[in-house]
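Undergrad: Based on the sequences and whatever the hints tell you, model everything.
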Amino acid sequence: DAGVTQSPTHLIKTRGQQVTLRCSPKSGHDTVSWYQQALGQGPQFIFQYYEEEERQRGNFPDRFSGHQFPNYSSELNVNALLLGDSALYLCATRTGRTDTQYFGPGTRLTVL
Amino acid sequence: GQQLNQSPQSMFIQEGEDVSMNCTSSSIFNTWLWYKQDPGEGPVLLIALYKAGELTSNGRLTAQFGITRKDSFLNISASIPSDVGIYFCAGQSVYNQGGKLIFGQGTELSVKP
Numbered sequence: 296d297a298g299v300t301q302s303p304t305h306l307i308k309t310r311g312q313q314v315t316l317r318c319s320p321k322s323g324h325d326t327v328s329w330y331q332q333a334l335g336q337g338p339q340f341i342f343q344y345y346e347e348e349e350r351q352r353g354n355f356p357d358r359f360s361g362h363q364f365p366n367y368s369s370e371l372n373v374n375a376l377l378l379g380d381s382a383l384y385l386c387a388t389r390t391g392r393t394d395t396q397y398f399g400p401g402t403r404l405t406v407l
Numbered sequence: 008g009q010q011l012n013q014s015p016q017s018m019f020i021q022e023g024e025d026v027s028m029n030c031t032s033s034s035i036f037n038t039w040l041w042y043k044q045d046p047g048e049g050p051v052l053l054i055a056l057y058k059a060g061e062l063t064s065n066g067r068l069t070a071q072f073g074i075t076r077k078d079s080f081l082n083i084s085a086s087i088p089s090d091v092g093i094y095f096c097a098g099q100s101v102y103n104q105g106g107k108l109i110f111g112q113g114t115e116l117s118v119k120p
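Protein chains in written order, with the working numbering: chain A, 296 to 407; chain B, 8 to 120.
To be clear, the hints were calculated from the coordinates, so they are not data collected in a lab.
Careful, some of the hints might be misleading.
Computed list of lysine-lysine pairs in DSSO-like fashion (alpha-carbon distance at most 27 Å, straight line) [said to hold, decoys possible]: (1) B:43 / A:321; (2) B:119 / A:321; (3) B:77 / B:58; (4) B:43 / B:58; (5) B:43 / B:119.
Derived DEER-like restraints, expressed as beta-carbon distance ranges [what the hints assert, rightly or not]: (6) B:60 / A:393: 17 to 25 Å; (7) B:87 / A:309: 39 to 47 Å; (8) A:390 / B:51: 13 to 21 Å; (9) A:360 / B:20: 37 to 45 Å; (10) B:69 / A:309: 15 to 23 Å; (11) B:17 / A:305: 20 to 28 Å; (12) B:22 / A:313: 34 to 42 Å; (13) A:405 / B:20: 32 to 40 Å; (14) B:45 / A:311: 28 to 36 Å; (15) B:65 / A:322: 15 to 23 Å; (16) B:75 / A:360: 32 to 40 Å.
Beyond 12 Å from chain B on every Cβ pair, some chain A residues (computed) [unchecked claim]: (17) 307; (18) 323; (19) 364; (20) 376; (21) 378; (22) 383; (23) 394.
Built from N, CA and C at the ideal position, the CB exists for glycine as well.
TA: Shown next, in the form of structure tokens:
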């Protein structure tokens with residue numbers, strides 16, 4: 296049973312560029328959430344996707360956008376990158392029947 | 008962003024000792040989750056709690072959902088070197104079912120052999 300997978304593992308970008316991160320959910324999961332984790336902090340909720348729609352959003356600017364595909368996989372897009380966007384981006388998935396979320400290994404984004 | 012109050016921030020203990028950490032919230036939660044995170048990796052779920060007063064064990068780990076629904080604790084008995092890592096509590100507010108998890112700041116655990 297495959298767990299949550301994310302790609303790429305690491306990414307280096309420069310300010311102003313755009314980035315796309317990808318997540319494949321754990322088998323049987325249909326809901327995908329994205330979190331940003333700065334160094335030394337707990338994860339912060341960005342948004343959640345269910346049935347290909349954004350269902351809930353945290354306190355992040357519109358530069359952060361996402362998408363969910365029919366196979367439940369998801370993308371996180373960040374435009375006009377800032378130095379402060381450097382962080383570990385985590386994807387978490389769950390089924391609609393439980394609140395328990397399972398995390399992927401994350402994508403380490405460095406903005407120079 | 009909103010966070011839970013998790014304590015202690017760090018612990019340095021001897022192998023074989025027991026460990027206790029806790030989280031408190033100003034609002035009522037309907038779910039408490041405990042995760043362990045190793046450097047550069049994603050959080051791994053340790054224990055999930057869904058009812059006030061619930062006490063759940065996973066091997067040497069025991070966690071409880073507080074009666075007030077505003078707190079939770081995690082105990083680790085007879086610690087071993089592989090317990091080293093950062094432990095996070097996470098909760099889901101009753102006003103936000105099925106939605107975002109709110110995380111504590113983490114407890115960094117170091118175990119001396």
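Undergrad: State the violated hints by number, sorted upward, taking the hints as numbered earlier in the document.
TA: Violated: hints 2, 10, 12, 22, 23.
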